[in-house]
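Visitor: The sequence shown lines up with residues 1 to 136 when you count with full-length UniProt numbering.
One thing to keep in mind: the hints can contain errors.
What follows is a list of derived Cβ distance ranges for each label pair [stated by the list, open to error]:
(1) LYS66 with ALA92: 27 to 33 Å
(2) ALA10 with ALA92: 25 to 31 Å
(3) ALA92 with TRP23: 27 to 33 Å
(4) THR35 with GLY68: 29 to 35 Å
Honestly, the hints are just simulated from the structure, not real lab data. Backbone N, C-alpha and C fix where the C-beta goes; we use that ideal spot for every residue, glycine too.
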Amino acid sequence: LAEIRRLVQAPPDCSFVALGYVWGRNPDPKRLVATTSTMQQLQSEGGLLSSKMSATIEDAVEACRKLGQDYLWVDRLCIIQDDPQDKEEQIAAMAAVFWLATLAIVVTDGDSYSGIAGNSQTFMQRSPAAAVGVHN
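The whole structure should be built from the sequences, with the hints applied where relevant.
Guide: Take a look at the structure:
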């Protein structure tokens, strides 16, 4: 995902990360979203341009890259939003998606434009180790 940046059908039994977040009240129509008319574009190489992603989704993509995870499930991109049947089926399967995920990133603060709290230029960079002593 982080290198090719396109929407793909993940292979069965693959390791993936699932993102749960708050969309917000007024989703920006200029941001990437899966619809019947955008699927082909999203599936082409480079179809997931960071300039068109919300900050929270972009932060999750970066987290996946840093963690060595190739696949990220995001409802906005993996559920065809203007297809009632797909939407109903996928929403019914969301519990299983999160259950089967290797890791779930759940962002409850802000909305999809807020990013993941604590994100900065040094996102997920390790802090220097500190020695901790135990006193009796």
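Visitor: Next step is simple, just say for each hint if it's right about the structure.
Guide: Evaluated hints:
| no. | hint | result |
| --- | --- | --- |
| 1 | LYS66 with ALA92: 27 to 33 Å | holds, 32 Å |
| 2 | ALA10 with ALA92: 25 to 31 Å | violated, 19 Å |
| 3 | ALA92 with TRP23: 27 to 33 Å | violated, 19 Å |
| 4 | THR35 with GLY68: 29 to 35 Å | holds, 31 Å |
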